[in-house]
Amino acid sequence: MQNLLKEIRRCDLCRENLPFEPRPILEASSESKIVLISQAPGQVVHNNRIAWNDQSGKRLREWLGVDKDTFYDMSNFAILPMSMCYPGKAKTGDAPPRKECAPLWHKKVLSKFDNLKMTILIGSYASNYYLKDHKNLTQKVADFREYLPEFFPIPHPSPVNVFWRKKNLWFEEEVVPELQKRVKEKIG
Numbered sequence: 001m002q003n004l005l006k007e008i009r010r011c012d013l014c015r016e017n018l019p020f021e022p023r024p025i026l027e028a029s030s031e032s033k034i035v036l037i038s039q040a041p042g043q044v045v046h047n048n049r050i051a052w053n054d055q056s057g058k059r060l061r062e063w064l065g066v067d068k069d070t071f072y073d074m075s076n077f078a079i080l081p082m083s084m085c086y087p088g089k090a091k092t093g094d095a096p097p098r099k100e101c102a103p104l105w106h107k108k109v110l111s112k113f114d115n116l117k118m119t120i121l122i123g124s125y126a127s128n129y130y131l132k133d134h135k136n137l138t139q140k141v142a143d144f145r146e147y148l149p150e151f152f153p154i155p156h157p158s159p160v161n162v163f164w165r166k167k168n169l170w171f172e173e174e175v176v177p178e179l180q181k182r183v184k185e186k187i188g
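For the sequence shown, the tail end lands on 188 under our numbering, and the numbers increase by one without skipping.
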């Protein structure tokens, strides 16, 4: 796993399409129990080089019911974005993840886990890539039990998604407690 991670961190396949130097950000151990598949690092994470070390990460840890030490223990969680590098800005926020990363790297990384128990799909890009149905993200999150035990889809915890969370109060009332229960079961 460590050799593969070094190879990925040297990747510059989409250098010409990025606003900054490529800086692939991911974390994993062959012992990771849960893999978090998300959109792409934001600019804050690109700058500080620590995955989920921003407001989205704070909310994600709350949803998972874990503290920072538990979260950053790679025997618990692996962090595998759809796009490993910050894709830059778009008109309405961050640009979509680059499409080269997931097909190039995900199968290779996923094949290295010895103890994987659950995959949490964070946001629509990850959910659409792994769950090949025609439901939108809200429907996938509402129907999360259909994808268990392998996948657990959730919305992106970005502060930008506050409207979605206010419109879908059932998520934090019903889904988050189930997510926390399952995370606790998987990491012990």
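Rather than coming from a laboratory, the hints here were simulated on the basis of the structure.
Treat the numbers as computed from the prediction; the structure is a model and nothing was measured.
Please note: incorrect hints may appear among the correct ones.
Think about it this way: if two alpha-carbon atoms lie no more than 30 Å apart in a straight line, the pair counts; the simulated DSS-like pairs of lysine-lysine are [said to hold, decoys possible]:
{"#": "1", "residue 1": "Lys-99", "residue 2": "Lys-117"}
{"#": "2", "residue 1": "Lys-186", "residue 2": "Lys-107"}
{"#": "3", "residue 1": "Lys-58", "residue 2": "Lys-108"}
{"#": "4", "residue 1": "Lys-166", "residue 2": "Lys-132"}
{"#": "5", "residue 1": "Lys-167", "residue 2": "Lys-135"}
{"#": "6", "residue 1": "Lys-184", "residue 2": "Lys-112"}
{"#": "7", "residue 1": "Lys-135", "residue 2": "Lys-99"}
We went through each hint and held it up to the structure:
For the hint pairing Lys-99 with Lys-117, the CA-to-CA distance comes to about 26 Å; that is within 30 Å, so the pair holds. Between Lys-186 and Lys-107 the alpha-carbon distance is near 22 Å, which keeps this suggested pair within the 30 Å criterion. A C-alpha spacing of about 29 Å is found between Lys-58 and Lys-108, which places the hinted pair at or below 30 Å, so the restraint holds. The straight-line distance between the Cα atoms of Lys-166 and Lys-132 is roughly 27 Å, inside the 30 Å bound, and the hint therefore holds.
Pair hint Lys-167 plus Lys-135 holds up; C-alpha atoms about 18 Å apart against a cutoff of 30 Å. A distance of roughly 23 Å separates the Cα atoms of Lys-184 and Lys-112; the hinted pair therefore holds under the 30 Å criterion. Restraint check for Lys-135 and Lys-99: satisfied, since their Cα atoms lie roughly 21 Å apart, inside the 30 Å limit.
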